[in-house]
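A.B. asks: Residues per chain are reported as follows:
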Amino acid sequence: MSELLRFSGVSRHFGGVQALSEVSLSISRGELYGLIGPNGAGKTTLFNVLTGLIPPSSGEILFDGQPVHGLPPHRILERGIARTFQNIRLFPGLTALENVMIGRHARTHAGLLGAILRNRRTRNEEAAIRARAAQLLEHVGIARHAQALAGNLSYGDQRRLEIARALASDPRLLALDEPAAGMNPAERDSLARLIRQLRDEFQLTVLIIEHDVRLMMALCDRMAVLDFGEKITEDVPDRVRVHPRVIRAYLGGGEA
Amino acid sequence: MDILVQQLINGLVLGSVYALIALGYTMVYGILELINFAHGEITMIGAMIAVATIGALSGGALPIPVILFTGLVAAMAGCMALGYVIERIAYRPLRHAPRLAPLITAIGVSIVLQNIAMLIWGRQYIAFPPVLPQGWHTLLGARITDLQVAILVTALVLMLVLDLLVHRTRLGRAMRATAQSIPLAGLMGINGNRIISITFLIGSALAAISGFMVSAYYGLAHYYMGFLLGLKAFSAAVLGGIGNIRGAMLGGLLLGIIESLGAGYIGTLTHGVIGSNYQDVFAFFVLITVLILRPSGLLGAPATDRA
Numbered sequence: 001m002s003e004l005l006r007f008s009g010v011s012r013h014f015g016g017v018q019a020l021s022e023v024s025l026s027i028s029r030g031e032l033y034g035l036i037g038p039n040g041a042g043k044t045t046l047f048n049v050l051t052g053l054i055p056p057s058s059g060e061i062l063f064d065g066q067p068v069h070g071l072p073p074h075r076i077l078e079r080g081i082a083r084t085f086q087n088i089r090l091f092p093g094l095t096a097l098e099n100v101m102i103g104r105h106a107r108t109h110a111g112l113l114g115a116i117l118r119n120r121r122t123r124n125e126e127a128a129i130r131a132r133a134a135q136l137l138e139h140v141g142i143a144r145h146a147q148a149l150a151g152n153l154s155y156g157d158q159r160r161l162e163i164a165r166a167l168a169s170d171p172r173l174l175a176l177d178e179p180a181a182g183m184n185p186a187e188r189d190s191l192a193r194l195i196r197q198l199r200d201e202f203q204l205t206v207l208i209i210e211h212d213v214r215l216m217m218a219l220c221d222r223m224a225v226l227d228f229g230e231k232i233t234e235d236v237p238d239r240v241r242v243h244p245r246v247i248r249a250y251l252g253g254g255e256a
Numbered sequence: 001m002d003i004l005v006q007q008l009i010n011g012l013v014l015g016s017v018y019a020l021i022a023l024g025y026t027m028v029y030g031i032l033e034l035i036n037f038a039h040g041e042i043t044m045i046g047a048m049i050a051v052a053t054i055g056a057l058s059g060g061a062l063p064i065p066v067i068l069f070t071g072l073v074a075a076m077a078g079c080m081a082l083g084y085v086i087e088r089i090a091y092r093p094l095r096h097a098p099r100l101a102p103l104i105t106a107i108g109v110s111i112v113l114q115n116i117a118m119l120i121w122g123r124q125y126i127a128f129p130p131v132l133p134q135g136w137h138t139l140l141g142a143r144i145t146d147l148q149v150a151i152l153v154t155a156l157v158l159m160l161v162l163d164l165l166v167h168r169t170r171l172g173r174a175m176r177a178t179a180q181s182i183p184l185a186g187l188m189g190i191n192g193n194r195i196i197s198i199t200f201l202i203g204s205a206l207a208a209i210s211g212f213m214v215s216a217y218y219g220l221a222h223y224y225m226g227f228l229l230g231l232k233a234f235s236a237a238v239l240g241g242i243g244n245i246r247g248a249m250l251g252g253l254l255l256g257i258i259e260s261l262g263a264g265y266i267g268t269l270t271h272g273v274i275g276s277n278y279q280d281v282f283a284f285f286v287l288i289t290v291l292i293l294r295p296s297g298l299l300g301a302p303a304t305d306r307a
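Top to bottom, those sequences are chains A and B. Each residue of the first sequence is one higher than the one before, counting from 1 in the working numbering. Each residue of the second sequence is one higher than the one before, counting from 1 in the working numbering.
Fair warning: there could be bad hints in the mix.
[To be verified] Which residues of chain A face chain B? A few of them, derived with a C-beta cut under 10 Å, are:
1) Thr51
2) Ile54
3) Pro55
4) Phe91
5) His109
6) Ala115
7) Ile116
8) Arg118
9) Glu125
10) Glu126
11) Arg165
12) Ser169
Hints listed in this document are in silico derivations from the structure and should not be mistaken for laboratory results. Every residue gets a Cβ at the ideal spot worked out from N, C-alpha and C, and that includes glycine.
My request is simple: use the sequences and hints to build the entire structure.
C.D. replies: Written as structure tokens, this is what we have:
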């Protein structure tokens, strides 16, 4: 398997707080890669740095061999990295379908002239966006809520909608920030199935942050463990589980 | 009976113009939460450019429809450029300032525009050149002129087109997304500044068309006409629910009808104590009533329609 994403010595500090320190990792094409660690370990900071919300203080991020650190978020989206958010960030006043259609914005073109002229190309593009969005809602299992306002969906369905919206930008890397938060065990199992199925169907590479270590052990091919901004280890779940520093990091953390 | 029908027709025509101007207020508010008080003045500039252009061309060899069309296009081009520039130099630098700053700036811009218009076109009323069709029809015992038909039909078509644009196109979707959250829309690859510029362009184009209509309807243009017109359209936008596009359309039409019926009947109702010259009072009476009883307006401001 070839490498899709590489972090080399990526650091980020906020004032005196070292949120990420010299983190290096390598993710292969098609991998389900987990990122775990106690609260405040720097997992979400790593996502924010990856997706351009905050630039790294130092270090390099290569996506498919090309540097992406320092690019604005929408450029990174265009390169093929899409994400979901830990605290759900949908457009609550738009319908589920429209949310997904907006996710496709970066891959489509029609502007003011097209909107006024409504020429064939614009209409075809609009129809294609709509069809694709409907299909993605179907994929994540919330097609029946297509016309409901996103803000009125249940918590679990909103998380699924965020995944559909991320997929709408045709990503090669899908980054999921705590996709199972607030879900019950049955919902978690079905989410795990969905993630695997999406990986296979869309030939995705998936990077997941999740607190539920048991779920992650079952789901991921490999995982990295962060603690106080440092990578403790990066390995297959079975070896991560018995790593002494991982056990130490989690003791007293109340997790796992 | 025929007075009622007559006033309804007049009200609808006037209201459709209010609605077009109100759309400019409400679209900008939907995205920036800014009351663009300079919008009435943009309408005035549109009227001035139209009247000046048509005045300069009439009497020449050009056929009348060509003259009118040129006047309209000149007004639209001028207002769109003006709206774009105002946003760029007056509002964009204050995007992250406290909300009062852009609001006061908007009032300042409107005063500047009035004074520029006064310097260019003078303080006197300017007559709309006599090139318009004078025909009329009878409808249910009331009279409706060709000009009224043209204004009403054009305004309704424009509202329909705008509604489709906002609700059915990629651009409209981007506008509605930006109205909900500029940073989140940015993450989706939507350039917020671009959407805001386009919003000002569309609003200013509608203002130019409205200015053309008003000056044609009353046969006059004046450097101060934007003030009252702007306040009435703003009242219409508040009546419908500021930030709500369909609300602005409804509010505009309703306000026109209320004003017209009020002016038509107030003399009879008060036995002549108050006459139809109090027509302008109704808009503000409506504004105050709405602000007291239903501050969110008739259609509220459901986030879906904010754009």
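A.B. asks: Now, for every hint given, state plainly whether the structure supports it.
C.D. replies: Evaluated hints:
1. Thr51: holds, 8 Å
2. Ile54: Cβ of A/Ile54 sits 13 Å from chain B, so the hint is violated.
3. Pro55: At about 15 Å, which exceeds the 10 Å cut-off, the nearest Cβ of chain B leaves the hint on A/Pro55 violated.
4. Phe91: With a closest approach of 5 Å, the A/Phe91 hint holds.
5. His109: holds, 8 Å
6. Ala115: With Cβ-Cβ at 4 Å, under 10 Å, it holds.
7. Ile116: holds, 7 Å
8. Arg118: At about 8 Å, which falls below the 10 Å cut-off, the nearest Cβ of chain B leaves the hint on A/Arg118 intact, so it holds.
9. Glu125: Since the shortest Cβ distance to chain B is 7 Å, the answer is holds.
10. Glu126: With Cβ-Cβ at 6 Å, under 10 Å, it holds.
11. Arg165: With a closest approach of 8 Å, the A/Arg165 hint holds.
12. Ser169: holds, 7 Å
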